[in-house]
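Undergrad: As a plain string of letters, each chain reads:
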Amino acid sequence: EDQVTQSPEALRLQEGESSSLNCSYTVSGLRGLFWYRQDPGKGPEFLFTLYSAGEEKEKERLKATLTKKESFLHITAPKPEDSATYLCAVQALGSNYKLTFGKGTLLTVNP
Amino acid sequence: DVKVTQSSRYLVKRTGEKVFLECVQDMDHENMFWYRQDPGLGLRLIYFSYDVKMKEKGDIPEGYSVSREKKERFSLILESASTNQTSMYLCASSAGAGYGYTFGSGTRLTVV
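From first to last, the protein sequence lines are chains A and B.
The first sequence: position 42 = 42 (our numbering), numbered continuously.
The second sequence: position 8 = 8 (our numbering), numbered continuously.
Just chain B, same shape as in the assembly (with noise of 0.2 Å):
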């Protein structure tokens, strides 16, 4: 069964804090996206990926930075937490143009 796995199901951080979001796909998909998902905004592109190293943001990226050293991971990190970054994150993998994402399960964040 192909899979998208996020790392933590339920996260509490603190305000400033370095957070890191880990994402694995046992697909071999090039293509990789971090979402977030708030009530009443639904969800929305925060960076992704088509390659190796490669990244580009996407419509909301300010406050985070991404990392993928690696094609089946694709790490989503808050530089300095804060309140307002509270909420369900979501990464998909895609096979490529025409394909629909596979999404992990989630990973709610909460920042006090």
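This is chain A alone, in the form it adopts within the complex (with noise of 0.2 Å):
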């Protein structure tokens, strides 16, 4: 059974202070590793997808990183506007298309 699992299930940050979430994911074969943001009370929004290890991607003060077990979303100089949860989600082969979740991180970035 595929298992991704996020930490720290909460994180406070002041504004600047950078940081990292992880991902620790157990699958047969990955297919791609997603990260989403998702703001209060709305639906996930797509950030990045990896698909294999040492790929890295970045989009303005977020970086995503893969290794064979676990993903990091680096966060440099966060801003309050990047107050989210962030989910970590991962395909596995043969998998239907299904994406498993994590719980996500609850970040909080203070002003």
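One should not assume that every hint holds.
Stated by the list, open to error - Derived lysine-lysine pairs resembling PhoX-like cross-links, with alpha carbons at most 25 Å apart: (1) B:Lys53 / B:Lys71; (2) B:Lys3 / B:Lys70; (3) A:Lys98 / A:Lys69; (4) B:Lys53 / B:Lys18; (5) A:Lys103 / A:Lys42; (6) A:Lys98 / B:Lys53; (7) A:Lys68 / A:Lys42; (8) B:Lys13 / A:Lys98; (9) A:Lys57 / A:Lys98; (10) B:Lys57 / A:Lys103; (11) B:Lys70 / B:Lys18; (12) A:Lys79 / A:Lys57; (13) A:Lys59 / B:Lys3; (14) A:Lys79 / A:Lys59; (15) A:Lys98 / B:Lys3; (16) A:Lys42 / A:Lys59; (17) B:Lys3 / A:Lys42; (18) A:Lys98 / B:Lys57; (19) A:Lys103 / A:Lys63; (20) B:Lys3 / B:Lys71; (21) B:Lys55 / B:Lys71; (22) B:Lys55 / B:Lys18; (23) A:Lys103 / A:Lys57; (24) A:Lys42 / A:Lys69; (25) A:Lys68 / A:Lys103; (26) B:Lys71 / A:Lys98; (27) B:Lys57 / B:Lys70; (28) A:Lys98 / B:Lys70; (29) A:Lys42 / B:Lys13; (30) A:Lys57 / B:Lys18; (31) B:Lys3 / B:Lys53.
To be verified - In silico negatives: residues of chain B with every beta carbon more than 12 Å from chain A: (32) Phe20; (33) Arg68; (34) Thr86.
These aren't lab readings, by the way, just hints derived from the structure by calculation.
Virtual Cβ for every residue (Gly too), placed ideally from N, Cα, C.
Could you fit the two chains together into a complex? Lean on the hints.
TA: Written out as structure tokens, the structure is:
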């Protein structure tokens, strides 16, 4: 069974204080790993897809990396508007396109 | 701008009612999904569909059914709503294997 574990569950940062969110996964064969951002009361918004170990993707203050067992979402010099829940999901080979999600990390950035 | 549209943002229904949640996508995607999201439990897959009139059970299908009569529309049906079905319901669509989902804005359903 595919499993995704995100840590920490919640993270408070001061504006400008860089940090990383972790996503550990267990999957029989990885087709892709996905990061989403979710604001309160809204649907998740797509951020990145990573397909193979060593791959990196960047968008503004966010950078996602992938190893064979985990992914990190690095947040550089965060701003209050980066506050959200960040979700990680995996898609396994032969999964009929299903994504398995972690429970998310709630990020709060204080001004 | 591509979209997944869920017909209602908020719904309040009574126990025992039959409830329909509608989802429409304009991206010509083959695959559509229904998830529910609860605090502490994350997103859990209820049903998905990879073609018109095709459906497969997800991880928690009990108490739910789905309908996909047209490619762009995927409906979730609560046959007899119960209070434990109070949740945020999220619809999503996908272009296929290796692609992520595009989510709708969600329907917050309260069953009283």
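Undergrad: Evaluate each hint against the coordinates.
TA: Results of checking the hints against the structure:
1. B:Lys53 / B:Lys71: Holds: Lys53 of chain B and Lys71 of chain B sit about 9 Å apart, inside 25 Å.
2. B:Lys3 / B:Lys70: Holds, because 16 Å separates the two Cα atoms, which is no more than 25 Å.
3. A:Lys98 / A:Lys69: holds, 19 Å
4. B:Lys53 / B:Lys18: holds, 21 Å
5. A:Lys103 / A:Lys42: Judged against 25 Å, a Cα distance of about 16 Å means the pair holds.
6. A:Lys98 / B:Lys53: holds, 18 Å
7. A:Lys68 / A:Lys42: It is violated: about 31 Å lies between the C-alpha atoms, which goes past 25 Å.
8. B:Lys13 / A:Lys98: Judged against 25 Å, a Cα distance of about 29 Å means the pair is violated.
9. A:Lys57 / A:Lys98: holds, 22 Å
10. B:Lys57 / A:Lys103: Distance of about 21 Å is within 25 Å: holds.
11. B:Lys70 / B:Lys18: Cα-Cα ~21 Å, so holds.
12. A:Lys79 / A:Lys57: holds, 19 Å
13. A:Lys59 / B:Lys3: Within the cut-off at roughly 22 Å; holds.
14. A:Lys79 / A:Lys59: holds, 14 Å
15. A:Lys98 / B:Lys3: holds, 20 Å
16. A:Lys42 / A:Lys59: Holds. Lys42 of chain A to Lys59 of chain A sits at ~21 Å (cutoff 25 Å).
17. B:Lys3 / A:Lys42: Measuring from Cα to Cα gives roughly 14 Å; hence the hint holds.
18. A:Lys98 / B:Lys57: With a Cα-Cα distance of about 11 Å, the restraint between Lys98 of chain A and Lys57 of chain B holds, given a limit of 25 Å.
19. A:Lys103 / A:Lys63: holds, 20 Å
20. B:Lys3 / B:Lys71: holds, 14 Å
21. B:Lys55 / B:Lys71: holds, 12 Å
22. B:Lys55 / B:Lys18: holds, 20 Å
23. A:Lys103 / A:Lys57: holds, 22 Å
24. A:Lys42 / A:Lys69: Not OK: Lys42 of chain A and Lys69 of chain A at ~29 Å, beyond 25 Å, violated.
25. A:Lys68 / A:Lys103: The given pair, whose Cα atoms are some 20 Å apart, holds under the 25 Å limit.
26. B:Lys71 / A:Lys98: With Cα atoms ~18 Å apart, Lys71 of chain B and Lys98 of chain A stay inside 25 Å; holds.
27. B:Lys57 / B:Lys70: This hinted pair holds, its Cα atoms lying about 19 Å apart.
28. A:Lys98 / B:Lys70: Roughly 21 Å between the alpha carbons, so the hint for Lys98 of chain A and Lys70 of chain B holds.
29. A:Lys42 / B:Lys13: Roughly 21 Å separates the two Cα atoms, so the pair holds.
30. A:Lys57 / B:Lys18: violated, 44 Å
31. B:Lys3 / B:Lys53: Roughly 21 Å separates the two Cα atoms, so the pair holds.
32. Phe20: holds, 19 Å
33. Arg68: holds, 14 Å
34. Thr86: holds, 15 Å
Checked against the numbered hints given earlier, this structure breaks hints 7, 8, 24 and 30; the rest are met.
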